[in-house]
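Asker: Take a look at the letters that make up each chain.
Protein chains: 2
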Amino acid sequence: MRTEISTLGEFGLIRRLTEGIELKNKSSQYGIGDDAAVLSYPSEKEILVTTDLLMEGVHFDLTYVPLKHLGYKSAIVNFSDIYAMNGIPRQITVSLGLSKRFSVEDMEELYAGIRLACEEYEVDIVGGDTSSSYTGLTISITCIGEGEKGKVVFRNGANETDLICVSGDLGAAYMGLQLLEREKSVLHGADKNVQPDFSGKEYLLERQLKPEARRDIIEKLAEEEIRPTSMMDISDGLSSELLHICTQSKVGCRIYEEHIPIDYQTAVMAEEFNMNLTICALNGGDDYELLFTVPISDHEKVSEMEGIKLIGHITKQELGCALITRDGQEFELKAQGWNSLQEETDPIEKPE
Amino acid sequence: MRTEISTLGEFGLIRRLTEGIELKNKSSQYGIGDDAAVLSYPSEKEILVTTDLLMEGVHFDLTYVPLKHLGYKSAIVNFSDIYAMNGIPRQITVSLGLSKRFSVEDMEELYAGIRLACEEYEVDIVGGDTSSSYTGLTISITCIGEGEKGKVVFRNGANETDLICVSGDLGAAYMGLQLLEREKSVLHGADKNVQPDFSGKEYLLERQLKPEARRDIIEKLAEEEIRPTSMMDISDGLSSELLHICTQSKVGCRIYEEHIPIDYQTAVMAEEFNMNLTICALNGGDDYELLFTVPISDHEKVSEMEGIKLIGHITKQELGCALITRDGQEFELKAQGWNSLQEETDPIEKPE
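As you go down the protein sequences, you meet chains A and B in turn. Under the working numbering, the first residue of the first sequence carries the number 22, and numbering increases by one thereafter. Under the working numbering, the first residue of the second sequence carries the number 22, and numbering increases by one thereafter.
There's no promise every hint is true.
Given that identical chains are not distinguished, each listed pair holds provided it fits within a single copy or across any two copies.
[Unchecked claim] No more than 27 angstroms apart at the CA atoms, straight line, and that leaves these computed lysine-lysine pairs for DSSO-like:
#	residue 1	residue 2
1	Lys45	Lys89
2	Lys45	Lys271
3	Lys222	Lys330
4	Lys121	Lys355
5	Lys170	Lys47
6	Lys271	Lys172
7	Lys271	Lys170
8	Lys172	Lys45
9	Lys45	Lys170
10	Lys172	Lys47
No lab work stands behind these hints: they were computed from the structure.
Assemble the whole structure, with the sequences as input and the hints as a guide.
Answerer: The following block contains the structure:
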């Protein structure tokens with residue numbers, strides 16, 4: 022079944038997509054339907070605002086990304102930015118630019134994914150804009166969240182001797198993307214009857230197609246009364262993000278190859294693709310894990326936290342930023358993270 | 022001079038565009054440079070959030086819209102939505118999708134327009150996202166503003182016997198667009214040396230290319246202690262907006278053709294184009310004037326306000342929505358306002 026968007030028009034489409042949306046957060050006073058949404062936060066909260074623009078062909082490839090997954094991920098990447106400030110996401114606005122290629126049902130799929138993410142993370146959809154587009158799909162989401170006054174964590178607070186911590190594991194989403202790209206080229210090749218074989222690689226696909234934001238880590242840190250000195254989420258790759266923290270904090274760092282958390286499936290896949298596993302973990306994008314620093318006095322507490330790995334420590338700025346390999350060599354860290362404006366020749370390689 | 026964006030990369034471009042930006046509003050705690058911006062509003066304020074997505078070829082045509090003007094207007098349309106809630110815009114985030122056609126200098130022009138609008142309206146740029154795009158220019162702006170608690174004005178509060186008011190004049194921006202479109206087709210015709218002649222039509226062009234948001238009206242209403250019962254800004258045309266107010270307020274209305282405010286240049290131009298002037302004023306988009314209703318007890322106060330016209334009154338819902346023509350005939354009001362998803366065949370006709 023395919024209903025043309027033109028049969029509903031802008032307002033009809035918005036009505037259809039947003040039907041039944043209820044506001045659940047106390048701070049969401051008035052949602053969709055007026056010139057602006059109305060929010061109300063108590064004055065002891067800081068308000069956090071982040072925004073992401075996703076363009077078809079640059080950030081996603083609809084030949085292998087289902088629209089529902091895309092919707093889910095579009096919301097998650099924004100939530101992740103709010104958690105990375107030690108905050109809690111509360112509202113989003115969703116703007117969509119749609120070419121005629123898309124039907125009402127397509128948009129329902131996309132929106133179902135966004136709504137699912139919002140349900141799971143208790144975030145309200147409070148507004149947006151919908152427009153036609155001459156080409157492809159554009160998704161622009163803005164997320165508003167809250168932080169406790171004085172407890173928001175920036176990138177610029179890392180101090181010498183702080184411990185560098187990472188949640189979860191790295192590189193799996195990047196490997197998932199490699200896998201999808203490979204299957205795409207196989208499918209576009211000679212035999213269209215070959216079905217992709219993803220068995221044993223489910224984790225990689227899930228990390229790429231249905232990432233989660235690390236709310237659980239933020240909650241645990243609060244429970245343990247650990248307040249990171251700096252934090253950000255890893256969307257462009259560990260190297261790139263760690264360099265942001267070091268530059269903004271005016272410090273250097275040492276991280277240890279052997280401590281970088283990598284899943285078994287990621288390692289197997291890197292072997293299969295004949296890729297350097299550490300480089301994948303350092304530079305692969307789309308992990309949405311949290312990278313943060315804590316004072317050395319929190320060593321015990323943080324080492325006991327499940328799902329957190331200590332990967333190194335902060336140094337004086339003069340010492341620069343380096344990776345210590347398993348055999349004890351030192352390599353300068355470089356940002357080879359995905360940069361959507363530099364790698365236009367093959368921008369789908371490492372989406373943000 | 023043309024600097025390719027790829028020579029700077031995403032972070033370099035953002036640095037260049039946002040250089041020297043200072044936060045001026047007390048509510049702007051931390052702007053560009055982290056995972057999210059940090060805002061701080063006192064609890065007696067409501068927080069207003071609005072967003073607009075502008076796509077090249079749909080909402081603007083760069084063959085006759087200078088990038089600086091486009092930047093200015095992109096910001097203004099968002100400010101206008103905040104004023105329409107009886108609020109004050111305070112912050113924006115700016116997301117840009119750029120194809121290779123655009124240079125660093127182009128983006129500086131666009132940003133100069135956005136920054137100019139922000140200076141004039143005392144709004145801070147606190148964040149955004151920049152990405153490559155396979156086609157054209159995409160601009161997604163989210164604006165955050167504040168309203169006094171209990172004084173935010175919605176679309177749904179109009180009551181029977183309320184007076185219907187409009188600021189400024191209508192239809193001029195639409196005529197400006199017709200003029201630009203005509204000159205474009207002339208220029209794309211045989212003789213490329215013909216220079217467009219816009220003398221005596223400056224007002225129409227300004228309304229289309231450099232609209233303003235009606236902060237002054239919001240300030241005057243507050244001074245006069247007039248609190249509108251409903252309000253919205255006119256971006257899609259008076260008819261369409263008035264129908265929104267009537268539907269959401271569950272009322273009807275009567276407006277009078279003879280009272281619709283129209284500038285002299287708009288009238289001359291409609292004559293020249295052989296267009297029905299009233300239809301242009303009712304359905305032309307891009308006016309960014311305020312449409313609001315006030316209790317009849319405010320009749321005296323509101324009729325003395327400069328730049329405000331009373332165009333009719335609110336009725337019972339059963340009476341429907343109608344225009345009374347100069348010769349006393351009644352016509353049902355219909356929304357022929359611009360709808361970017363319905364009129365894809367000629368979407369540039371009436372941008373939002």
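Asker: If a hint holds in the structure, say so; if it doesn't, say that too.
Answerer: Hints, verified against the model:
Only within a single protomer do Lys45 and Lys89 lie at most 27 angstroms apart by alpha-carbon distance; the minimum there is 22 angstroms, versus 40 angstroms between protomers. For the identical chains of this complex, Lys45 and Lys271 are inter-copy neighbours only, at 26 angstroms across copies versus 41 angstroms inside a copy, given an alpha-carbon limit of 27 angstroms. Only within a single protomer do Lys222 and Lys330 lie at most 27 angstroms apart by alpha-carbon distance; the minimum there is 23 angstroms, versus 67 angstroms between protomers. In the homo-oligomer, the alpha carbons of Lys121 and Lys355 lie at most 27 angstroms apart only across protomers (26 angstroms), although the nearest pairing inside one protomer, at 42 angstroms, exceeds that limit.
In this assembly of identical chains, Lys170 and Lys47 lie within 27 angstroms of each other by CA distance both inside one copy and across copies; the values are 18 angstroms within and 15 angstroms between. For the homomeric pair Lys271 and Lys172, the shortest alpha-carbon distance inside one copy (21 angstroms) is at most 27 angstroms, but the shortest distance between copies (45 angstroms) is not. In this homomeric assembly, Lys271 and Lys170 come within 27 angstroms of each other (Cα to Cα) only inside a single copy, at 24 angstroms, whereas the closest approach across copies is 42 angstroms. In this assembly of identical chains, the alpha carbons of Lys172 and Lys45 lie at most 27 angstroms apart whether taken from the same copy (24 angstroms) or from different copies (23 angstroms).
Taking CA atoms no more than 27 angstroms apart as the test, Lys45 paired with Lys170 passes in both settings, with 23 angstroms inside one copy and 20 angstroms between copies. Taking the shortest Cα distances, Lys172 and Lys47 sit within 27 angstroms of each other both inside one copy (21 angstroms) and across copies (19 angstroms).
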